[in-house]
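Numbering (our numbering), first residue to last: 2 to 268.
If you're looking for bench data, these hints aren't it; they were derived computationally from the structure.
Beta carbons are placed, not taken as given, at the ideal position from N, Cα and C, and that holds for glycine.
Don't take every hint at face value.
To be verified - Have a look at the derived ranges for each label pair, beta carbon to beta carbon:
| hint | residue 1 | residue 2 | range |
| --- | --- | --- | --- |
| 1 | E69 | S175 | 20 to 28 angstroms |
| 2 | E95 | K192 | 39 to 47 angstroms |
| 3 | S224 | T245 | 25 to 33 angstroms |
| 4 | Q196 | S224 | 40 to 48 angstroms |
| 5 | D125 | Q235 | 54 to 62 angstroms |
| 6 | T225 | E201 | 18 to 26 angstroms |
| 7 | G58 | K173 | 47 to 55 angstroms |
| 8 | P156 | P52 | 32 to 40 angstroms |
| 9 | T241 | N105 | 19 to 27 angstroms |
Stated by the list, open to error - Below 20 angstroms or equal to it, Euclidean Cα-Cα: the simulated SDA-like pairs (lysine to any residue) are:
| hint | residue 1 | residue 2 |
| --- | --- | --- |
| 10 | K174 | R96 |
| 11 | K173 | K192 |
| 12 | K173 | S194 |
| 13 | K184 | E92 |
| 14 | K240 | N160 |
| 15 | K184 | E201 |
| 16 | K184 | T118 |
| 17 | K184 | K240 |
| 18 | K184 | R91 |
| 19 | K184 | S194 |
| 20 | K173 | R191 |
| 21 | K173 | R157 |
| 22 | K173 | Q196 |
| 23 | K173 | T85 |
| 24 | K184 | D64 |
| 25 | K174 | A266 |
| 26 | K184 | R101 |
| 27 | K184 | E165 |
| 28 | K184 | Q196 |
| 29 | K184 | T225 |
| 30 | K192 | W124 |
| 31 | K174 | K184 |
| 32 | K240 | A266 |
| 33 | K184 | V144 |
| 34 | K184 | R200 |
| 35 | K173 | D64 |
| 36 | K184 | C215 |
| 37 | K184 | A172 |
| 38 | K184 | S171 |
| 39 | K184 | R157 |
| 40 | K184 | Q167 |
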Amino acid sequence: MTSRASKPSKIRLTDIALGFSVFLIASTGLSVWYEGVPKLAGLWSRGSEGPGETIVGRASIIDGDTIEIRGQRIRFNGIDAPETDQHCFREGGERYRCGRQSANFLDSYLAASRPTTCNFVEWDQYGRYVGDCYRADGESVAVALVIAGHALDWPRYSNGAYAEYQANASAKKSGVWQGAFEKPWEYRARKQSEQQEQREEDRTVRIGNGGGNCNIKGNISVSTGARIYHVPGQEFYEKTQINTGGGERWFCSETEARAAGWRRAQR
């Protein structure tokens, strides 16, 4: 009898323990959900987790091929406009700011029929929303820019969708086609290359001025022509001036200096 009476008691205790475990799991799950949903929502809004929605609203102009609607930057799909700081040349050789002209055209064009609607295409490598955009009257913004000569068909992304409009703009010498210009993507690549070269040059200058660990002075004696290097702490180190134009130089190590034919100063 005792053994039979003990079984219901054990079952009830087990049920209670199981119920308490379920409660803890559910509470933990709700807590994770509460903390995690906003974070996931933020990722979603940046486009890293899924497709973007169609965006409708009044557009602010960023440059000739980029706008902003309700805080979202939008890059037009398949075209490329001159950069804001880019210059082009008119037929007579006059230099003008074609990037600024493109942005001004876009501003006037969108203002004539609001709001602007952008349909999502993809997120680009910089996390920007890329879309096909239209005015309230249904006209394509990208087509209008290319027809006016203020943007180019970008074959890398357009598959030639705007090539015919571009050919017409070129024939009429509209916009940038009135003279000489650099394709926007080539302009950016050149600028990036120049900036990289400048960084390398700046680094070389810093090293040449004793920056970093390259602080050993390779001096050439005016009287004898002897090549002598001075390391920090030596008697004449501070007084020694290096003229790189005259063949003197900086070294990053004594081994490098000796290999180049310099000998260490005696003091």
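Each hint, compared with the structure:
Checked against the given bound of 20 to 28 angstroms, the beta carbons of E69 and S175, roughly 26 angstroms apart, stay inside it. E95 and K192 have their C-beta atoms about 22 angstroms apart, which leaves the hinted 39 to 47 angstroms range violated. Checked against the hint of 25 to 33 angstroms, the pair S224 and T245 fails, with Cβ atoms roughly 20 angstroms apart. For the pair Q196 and S224, the beta carbons lie near 44 angstroms from each other, so the given range of 40 to 48 angstroms is met.
Restraint check, D125 to Q235: a C-beta distance of roughly 56 angstroms satisfies the suggested window 54 to 62 angstroms. Roughly 35 angstroms separates the CB atoms of T225 and E201, a value that falls outside the hinted 18 to 26 angstroms. Range check, G58 to K173: about 33 angstroms between beta-carbon atoms, so the 47 to 55 angstroms window is missed. For the pair P156 and P52, the beta carbons lie near 24 angstroms from each other, so the given range of 32 to 40 angstroms is not met.
Evaluation of the 19 to 27 angstroms hint for T241 and N105 yields a failure: the beta carbon distance comes to about 57 angstroms. Between K174 and R96, the direct Cα distance comes to roughly 16 angstroms. Compliance with the 20 angstroms bound is thereby established for this hinted pair. Between K173 and K192 the CA atoms are separated by roughly 29 angstroms; this puts the pair beyond 20 angstroms, and the hint is violated. Between K173 and S194 the CA atoms are separated by roughly 33 angstroms; this puts the pair beyond 20 angstroms, and the hint is violated.
Only pairs whose Cα atoms come within 20 angstroms are accepted, and K184 paired with E92 is accepted, the gap being roughly 17 angstroms. With a C-alpha separation of about 65 angstroms, the suggested pairing of K240 with N160 is violated against the 20 angstroms cut-off. Note on K184 and E201: the hinted pairing is violated, with a Cα-Cα distance of about 26 angstroms set against a maximum of 20 angstroms. For the hint linking K184 to T118, the alpha-carbon distance of about 27 angstroms lies beyond 20 angstroms, and the restraint is violated.
Taking the CA atoms of K184 and K240, the gap is about 52 angstroms. The hint is violated against a cut of 20 angstroms. This hinted pair checks out: K184 and R91 have alpha carbons roughly 15 angstroms apart, not beyond 20 angstroms. A C-alpha spacing of about 15 angstroms is found between K184 and S194, which places the hinted pair at or below 20 angstroms, so the restraint holds. Of the pairs offered as hints, the one joining K173 and R191 is violated, with about 28 angstroms between alpha carbons and a cut-off of 20 angstroms exceeded.
For the given pair, K173 sits about 24 angstroms from R157 by alpha-carbon distance, which is inconsistent with the 20 angstroms threshold. Taking the CA atoms of K173 and Q196, the gap is near 35 angstroms; set against the 20 angstroms cutoff, the hint is violated. With a C-alpha separation of about 24 angstroms, the suggested pair K173 and T85 falls outside the 20 angstroms cut-off, and the hint is violated. This hinted pair checks out: K184 and D64 have alpha carbons roughly 15 angstroms apart, not beyond 20 angstroms.
Our distance criterion of 20 angstroms between C-alpha atoms is broken by K174 and A266, whose separation comes to about 69 angstroms. For the proposed pair K184 and R101, the alpha carbon gap of about 15 angstroms is at most 20 angstroms, so the pair holds. Note on K184 and E165: the hinted pairing holds, with a Cα-Cα distance of about 17 angstroms set against a maximum of 20 angstroms. About 18 angstroms separates the Cα atoms of K184 and Q196, which keeps this hinted pair within 20 angstroms; it holds.
Distance hint between K184 and T225 is unfulfilled; the C-alpha atoms sit about 56 angstroms from each other, more than 20 angstroms. Proposed proximity of K192 and W124 is contradicted: the alpha carbons are some 24 angstroms apart, above 20 angstroms. Taking the CA atoms of K174 and K184, the gap is near 15 angstroms; set against the 20 angstroms cutoff, the hint holds. Under the criterion of a C-alpha separation no larger than 20 angstroms, the hint pairing K240 with A266 is consistent with the structure, at around 13 angstroms.
For the hint linking K184 to V144, the alpha-carbon distance of about 17 angstroms falls within 20 angstroms, and the restraint holds. Between K184 and R200 the CA atoms are separated by roughly 24 angstroms; this puts the pair beyond 20 angstroms, and the hint is violated. Our distance criterion of 20 angstroms between C-alpha atoms is broken by K173 and D64, whose separation comes to about 24 angstroms. For the proposed pair K184 and C215, the alpha carbon gap of about 41 angstroms is over 20 angstroms, so the pair is violated.
A distance of roughly 17 angstroms separates the Cα atoms of K184 and A172; the hinted pair therefore holds under the 20 angstroms criterion. With a CA separation close to 13 angstroms, the supplied pair K184 and S171 stays within the 20 angstroms bound. For the suggested pair K184 and R157, the alpha carbons sit about 13 angstroms apart, so the restraint of at most 20 angstroms is met. As the CA atoms of K184 and Q167 are separated by approximately 13 angstroms, the hinted pair is consistent with the 20 angstroms bound.
Comparing the model with each earlier hint shows violations of hints 2, 3, 6, 7, 8, 9, 11, 12, 14, 15, 16, 17, 20, 21, 22, 23, 25, 29, 30, 34, 35, 36; every other hint is respected.
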